[in-house]
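Numbering-wise (the UniProt record's numbering), the sequence shown opens with residue 1 and increments by one.
Do not take every clue at face value.
[Unchecked claim] List time: in silico DSS-like cross-link candidates among lysine-lysine, alpha-carbon distance up to 25 Å:
#1 K1033 x K1102
#2 K911 x K875
#3 K626 x K575
#4 K37 x K6
#5 K810 x K822
#6 K130 x K107
#7 K196 x K172
#8 K626 x K673
#9 K435 x K387
#10 K687 x K569
#11 K107 x K196
#12 K274 x K260
#13 K911 x K659
#14 K954 x K875
#15 K541 x K435
Bear in mind the hints are in silico, worked out from the structure with no lab data behind them.
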Amino acid sequence: EPIGTKVTQVNAIDKDGTFPNNQVTYYVVDSPRNEGKDFFEINLQTGEVFTKVVFDREKQGAYALEVEARDNFPSARPNSNGQPNSVTKFIRIGIADKNDNPPYFDKALYEAEVDENEDIQHTVLTVTAKDHDESSRIRYEITSGNIGGAFAVKNMTGAIYVAGALDYETRKRYELRLAASDNLKENYTTVVIHVKDVNDNPPVFERPTYRTQITEEDDRNLPKRVLQVTASDGDKDRPQNIVYFLTGQGIDSDNPANSKFDINKTTGEIFVLKPLDRDQPNGRPQWRFTVFAQDEGGEGLVGYADVQVNLKDINDNAPIFPQGVYFGNVTENGTAGMVVMTMTAVDYDDPTEGTNARLIYSIEKNVIEEETGSPIFEIESETGVIKTAVCCLDRERTPDYSIQVVAMDGGGLKGTGTASIRVKDINDMPPMFTKDEWFTEVDETDGTNLPETPILTVTVHDEDETNKFQYKVIENSGYGADKFTMVRNNDGTGSLKIVQPLDYEDQLQSNGFRFRIQVNDKGEDNDNDKYHVAYSWVVVKLRDINDNKPQFERPNIEVSVYENAEVGKSLETFKASDPDQSGKSRVSFAIDRSSDRRRQFLISQEGTVTIQRQLDREETPRHQVKILAIDDGVPPKTATATLTVIVQDINDNAPMFLKEYRPVLPEHVPPRKVVEVLATDDDDRSKSNGPPFTFRMDPNADDIIRASFKVEHDQKGANGDGMAVVSSLRSFDREQQKEYLIPIVIKDSGNPAMSGTSTLTVVIGDVNDNKMQPGSKEIFVYNYMGQAPDTEIGRVYVYDLDDWDLPDKKFYWESQEHPRFKLNEDSGMITMRQGTQGARYYLRFKVYDRKHTQTDIPANVTVTVKEIPHEAVVKSGSVRLSGITDEDFIRVWNYRTQSIVRSKADRFRDKLADLLNTERENVDVFSVQLRKKHPPMTDVRFSAHGSPYYKPVKLNGLVLMHREEIEKDVGINITMVGIDECLYENQNCEGSCTNTLDISNLPYMVNANKTALVGVRVDVIGECTCGARNFTKGESCRNSPCHNGGRCIEGRYGLTCSCPSGYSGPRCQQTARSFRGNGWAWYPALEMCDTSHLSLEFITRKGDGQLLYNGPIVPPEPEELMVSDYISLELERGQPRLLIDFGSGTLELKVKTKKSLDDGE
1 EPIGTKVTQV
11 NAIDKDGTFP
21 NNQVTYYVVD
31 SPRNEGKDFF
41 EINLQTGEVF
51 TKVVFDREKQ
61 GAYALEVEAR
71 DNFPSARPNS
81 NGQPNSVTKF
91 IRIGIADKND
101 NPPYFDKALY
111 EAEVDENEDI
121 QHTVLTVTAK
131 DHDESSRIRY
141 EITSGNIGGA
151 FAVKNMTGAI
161 YVAGALDYET
171 RKRYELRLAA
181 SDNLKENYTT
191 VVIHVKDVND
201 NPPVFERPTY
211 RTQITEEDDR
221 NLPKRVLQVT
231 ASDGDKDRPQ
241 NIVYFLTGQG
251 IDSDNPANSK
261 FDINKTTGEI
271 FVLKPLDRDQ
281 PNGRPQWRFT
291 VFAQDEGGEG
301 LVGYADVQVN
311 LKDINDNAPI
321 FPQGVYFGNV
331 TENGTAGMVV
341 MTMTAVDYDD
351 PTEGTNARLI
361 YSIEKNVIEE
371 ETGSPIFEIE
381 SETGVIKTAV
391 CCLDRERTPD
401 YSIQVVAMDG
411 GGLKGTGTAS
421 IRVKDINDMP
431 PMFTKDEWFT
441 EVDETDGTNL
451 PETPILTVTV
461 HDEDETNKFQ
471 YKVIENSGYG
481 ADKFTMVRNN
491 DGTGSLKIVQ
501 PLDYEDQLQS
511 NGFRFRIQVN
521 DKGEDNDNDK
531 YHVAYSWVVV
541 KLRDINDNKP
551 QFERPNIEVS
561 VYENAEVGKS
571 LETFKASDPD
581 QSGKSRVSFA
591 IDRSSDRRRQ
601 FLISQEGTVT
611 IQRQLDREET
621 PRHQVKILAI
631 DDGVPPKTAT
641 ATLTVIVQDI
651 NDNAPMFLKE
661 YRPVLPEHVP
671 PRKVVEVLAT
681 DDDDRSKSNG
691 PPFTFRMDPN
701 ADDIIRASFK
711 VEHDQKGANG
721 DGMAVVSSLR
731 SFDREQQKEY
741 LIPIVIKDSG
751 NPAMSGTSTL
761 TVVIGDVNDN
771 KMQPGSKEIF
781 VYNYMGQAPD
791 TEIGRVYVYD
801 LDDWDLPDKK
811 FYWESQEHPR
821 FKLNEDSGMI
831 TMRQGTQGAR
841 YYLRFKVYDR
851 KHTQTDIPAN
861 VTVTVKEIPH
871 EAVVKSGSVR
881 LSGITDEDFI
891 RVWNYRTQSI
901 VRSKADRFRD
911 KLADLLNTER
921 ENVDVFSVQL
931 RKKHPPMTDV
941 RFSAHGSPYY
951 KPVKLNGLVL
961 MHREEIEKDV
971 GINITMVGID
981 ECLYENQNCE
991 GSCTNTLDIS
1001 NLPYMVNANK
1011 TALVGVRVDV
1021 IGECTCGARN
1031 FTKGESCRNS
1041 PCHNGGRCIE
1051 GRYGLTCSCP
1061 SGYSGPRCQQ
1071 TARSFRGNGW
1081 AWYPALEMCD
1091 TSHLSLEFIT
1101 RKGDGQLLYN
1111 GPIVPPEPEE
1121 LMVSDYISLE
1131 LERGQPRLLI
1141 DFGSGTLELK
1151 VKTKKSLDDG
1161 E
């Protein structure tokens, strides 16, 4: 910059307030240490700093300038000696760079080398220029010498790299002019790049294909030179050291002794090593192989050319007839000159080489006609076509001829072949049936169903070799001709088929049929040429078959009977006859059990229907029974009739409540009407077996009931049917008793009248009139396979005589919420979170009652979680209890005594452990489910194990055998052992029924104030199928199909069982059992199936004993519906005895065997 340029300005402040004390003057300090004193000056008043010289940054880039500021009055500070106050400061002044220097290179010439095959983008060298100016940015550019764009430079770094293809053979040296520029100034240098030669050109042959010809089979002067190949190398400045070698046809590099050709590796001369065969089947007319040339003495690049050696033919092959014998034919009675066949010989010589393969044919051994002595056949010499030389050959005289043919080539070589000539037949002889009359016997047709198979096959004789027989039945030639037709078979025979129904019961047809058939051998339905037509008779006899159903005299009969009719009473007799066998067939009768599932009727073989089981109009007022009439044919035919049985009513049902009444009477209210009760009756109202009803309280009612309630009969109520009005006689306290059972006797108007007692349950409604007290609760959770989702497990419990006051309460955690459980503050319901492990958890809560303003009443809950495996569930026993709810079964709090007692569930568990002689901890009562609320019915399921789990048949059997003992000790009423939804026939299914165990991951909760049980939800479902024969459901190892500890394996084609020793069944069953006189084996009951098949084998030396029993094992209880069906297989004096009862009485079947079965075999 020029002298006087302003650089900066300094400013000093004097805190003195008056002039001249605060007037500041600026100076450049004159001191040796002040390097900038000669280069800068300062304005005394403003402090502005200016340049005194022109600067060059390349000499010095910065200066330190010391400046001083003084005020204009002597200082009042001590020791100032009358001088003004002052201050000094250094200022650093930098000299900014200015682009005033050009870039420069270190050298005027740079040289480098690069291979001619170097990759694009490869950096050859980097040339860097310099610049004295600090801020200069240098850019590079190739300005000349870059022929063909072979190189380029990176403009920011100076790196020169390969940008195009290089070729030493085209250009060996590049001289580039490189410019470096800083935008204002530039400089230049020279870069010389030498291209290095590499071996990048393979040798090149003079021509791509070499061809030559040699004579086949020439064995002279071997090995013999065939031709010479020459290749040159494009890399001219490299040594021309080329090596030749061969590959392809005739070259065996692995075994050179087998090679047909070889090459001189240095000169390229190719030699044939062996005599070569041109002709088939083993020779070849041409040899093709490849010659390679490799530079650098066989270590470099390779070039190649094709070589084709053609073989010149010599006549060294005689003609041959490949097949030896050739077959031809000619029609008899033909003219001379008819073409018979063509004989063709093969000559493997070259057909283009002279006459080596040109063939001439002649007949060497001909056949002569006896009458004239003339040859019978002739041959065309050029083509080999054989023709007849005479006319009128006769097949019946001479059917075959054989002649010898010669083929000769141009060199005189010969080959021979045989022509076998057959004379073909023409139809010149008449046909003739092999029988004058044909006989067959057939069954009559079954209705309009006609058989597809023929009923008769006829044969024909004809001296002609080939014939086209045409058969037919002659119309109107006899009775029944229209019912049959004739067809031709592939073997020339004829078949008779039925085309119209045949009925033995038709008197005209019963004696059979006789009619004529014909054949002609011309293959046409043409009778004009009688010479070619023949006739025969056919007799068809008819057999009777069972093609008619029996016929009922009355196919529909209706009968009425009172429902109290005695078993054995005759209802009606059916009569039926069968037209077959001239009406002499025997007809038997049966009932179609699909129309009489309960087997309430029986039919005798004479057709009389009787009552087999008691009728009940209220259950089935009308029966439609299908009666079957079955003839004795094979197969038998069946006709159906219908017996309609109308069941007349008798007054055999006592009246009962119209519906289930459970009125609620609030506690602490004065006497009032509680409810109006109506009645109903299952009997027929139109027979006066129902209303009007009369009501009264049972005279035997408890005194407390008689003192608390009254029952009044209102004869006009319910539109004159009568009703009862129940009223209270006092007020009640729910805390003393929650329910009252009022027995009411209801009487109908039938003759004789029926009366029954129904029980009215009056519920005392709760009022929140008691304060709560602290409480505790035990909850037991069975977690099925650990898979339970978020599950409600029971409510928080506090001791409170009131039990309908939940809306007045609020529930809270005592402190922090447990991470595995949630609480509903309104209902007090506790929810266990999914994934909670088996353990014991202690939870603490507090409860608030807003009516009684009670707060923070403590409530403790202990939750025990136990995981129960799948095996325990599928191998569980079960009972159905009546008269008890699920809550009452697990309840530990006695309302009446206000005390804790052992629950029935606990006592039941102890009893099971005692019967099984096992520890209590090995028994789990894991499912308690309410099946019906009113009257209550509860299902209980349990399992037990030693190791492994006991099977259901053992658990249920022990309970069944000790049923009365369990009921007495536990205080329960067992109505079913082994819950079976198929037990009662035709209740859930008509016919087959199979129980299926449905296990849900969703638990079943029973909450009973001081205790709760969260069990496995298990349902028994009766499916209408025969499970023992139903294989549609796929098996899986999850259902534990392998018995007796077998290991289940699922494979690609289903599952298999790996069984322990001694268990050989497909599912590890024990297929044999042995007993020593007092043992027995217990198995699950046979499934209810419409059709069953049971087989067994046994060996015994005892003449009397039970082999198999299926049925009840204990007598039914009084109120239990009796099931008496059973099957028993016994051995009596060594003879088998079967007892069977399906509910209609016991059938005994004895089999007399040839010898006693107790022979130990």
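Taking the hints in turn, this is what the structure says about them:
no. : hint          : result
1   : K1033 x K1102 : violated (42 Å)
2   : K911 x K875   : holds (19 Å)
3   : K626 x K575   : holds (14 Å)
4   : K37 x K6      : holds (15 Å)
5   : K810 x K822   : holds (15 Å)
6   : K130 x K107   : holds (11 Å)
7   : K196 x K172   : holds (7 Å)
8   : K626 x K673   : violated (55 Å)
9   : K435 x K387   : violated (43 Å)
10  : K687 x K569   : holds (23 Å)
11  : K107 x K196   : holds (23 Å)
12  : K274 x K260   : holds (6 Å)
13  : K911 x K659   : violated (38 Å)
14  : K954 x K875   : holds (10 Å)
15  : K541 x K435   : holds (18 Å)
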